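*Asks:* Listed here are the chains, written in short residue letters.
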Amino acid sequence: MKNQDKVTKDKENTELKKQIEVLTNDWKRALADYQNLQRRYEKEKIEFAQYANGILVLKLLSTLDYLEKVQSYLKDDGLGLAIKEFKNVLSEEGLKEVEVLGKKFNPEEMEAIEKIDGEEDKVIEVISKGYRLKDKLIRPAKVKVSVIII
Amino acid sequence: MGKIIGIDLGTTNSCVAVMEGGSPKVIYSAEGRNVIPSVVDPVSHIVGDVAKRQVVVKPRSTIFSIKRLMGRKYKDESVQRDIKWLPYSIK
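Respectively, the protein sequence lines represent chains X and L. At the far end of the first sequence sits residue 150, using the numbering used here, and the numbering has no gaps. At the far end of the second sequence sits residue 1091, using the numbering used here, and the numbering has no gaps.
Worth flagging that the hints you see were computed from the coordinates, not collected in a lab. Computed from a prediction, not measured in an experiment: that's the story for all the values here. There's no promise every hint is true.
[Unchecked claim] Below, computed lysine-lysine pairings styled on BS3-like, alpha-carbon distance capped at 27 Å:
hint	chain 1	residue 1	chain 2	residue 2
1	X	K17	L	K1084
2	X	K28	L	K1025
3	X	K45	L	K1025
4	X	K134	X	K43
5	L	K1084	X	K115
6	X	K103	X	K84
7	L	K1025	X	K43
[Said to hold, decoys possible] Far from chain X, by Cβ distances over 12 Å, these chain L residues were calculated:
hint	residue
8	I1007
9	T1011
10	P1042
11	P1059
12	K1067
13	L1069
14	Y1074
15	D1076
16	Q1080
17	I1083
18	K1084
19	Y1088
20	I1090
We put the CB at the ideal spot given by N, CA and C, even for glycine.
Pulled out of the complex, with its shape left as it was, chain X reads as follows (with noise of 0.2 Å):
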């Protein structure tokens, strides 16, 4: 009988062994996803306080082209003093254009629309300006881009 209850004490020894380390196990990882959490949740604060009017910025984009693209044809003094006071407040939010005519072409910052006969790799024309809000790339420049066609 004694030996009997032995061996049902040590089961239940071992259940509650395994019990215990997976508990243990899920503690850790509950422990480990908020650690995470907290982690990304400051990241994301100081994200959302840079990047805040990104959105805006972005929209406030195509407008810009359309101003930039009607002044293309009209070269209208006034029109031309409003662009550049538009262009003065989008800077101050730490808008910044992408210079990439004539050089070497980059996907990190451009996106190829065309490829001509050329010299290898290069951007021949611009058909969008590509802009950065502070460090972050917030749309790329659309070009044309020169490769050796075989």
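Given chain X, put chain L in place with the hints provided.
*Replies:* Okay, now just chain L, sitting in the frame of chain X:
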């Protein structure tokens, strides 16, 4: 303990998620998108949006629509059809 990620590999776009607090959490790309184009350039080691931007310039080294070929034999009718329009070489 190592994290486990789940990948929804689509023909056009893919999505990556990790289990956090018992529910999946989508991992955003560096561009801030929750889906990543299923495009890769194994030569330049670039993926997603960046790889997609260079398809026009490097059509032979930029791999896309690869899911159409996965799990199929070279001789399959669909593979033979895809070989005709895909710009990268399939051997």
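*Asks:* Could you run down the list of hints and mark each one as holding or not?
*Replies:* Hint by hint, here is what the structure shows:
1. X:K17 - L:K1084: 62 Å, violated
2. X:K28 - L:K1025: 19 Å, holds
3. X:K45 - L:K1025: Measuring from Cα to Cα gives roughly 18 Å; hence the hint holds.
4. X:K134 - X:K43: 16 Å, holds
5. L:K1084 - X:K115: Cα-Cα ~21 Å, so holds.
6. X:K103 - X:K84: 25 Å, holds
7. L:K1025 - X:K43: Holds, at about 16 Å.
8. I1007: With a cut-off of 12 Å, L:I1007 remains clear of chain X, as the shortest Cβ separation is near 19 Å.
9. T1011: 21 Å, holds
10. P1042: 14 Å, holds
11. P1059: Label violated. Min Cβ-Cβ 9 Å, cutoff 12 Å.
12. K1067: Correct as stated: the minimum Cβ-Cβ distance to chain X is 22 Å, above 12 Å.
13. L1069: 24 Å, holds
14. Y1074: Fine: 26 Å to the nearest Cβ keeps L:Y1074 off the interface.
15. D1076: L:D1076 is indeed farther than 12 Å from all Cβ atoms of chain X, at 30 Å.
16. Q1080: 26 Å, holds
17. I1083: 20 Å, holds
18. K1084: 20 Å, holds
19. Y1088: 16 Å, holds
20. I1090: 20 Å, holds
Going down the numbered hints, you'll see the structure goes against 1, 11, while the others check out.
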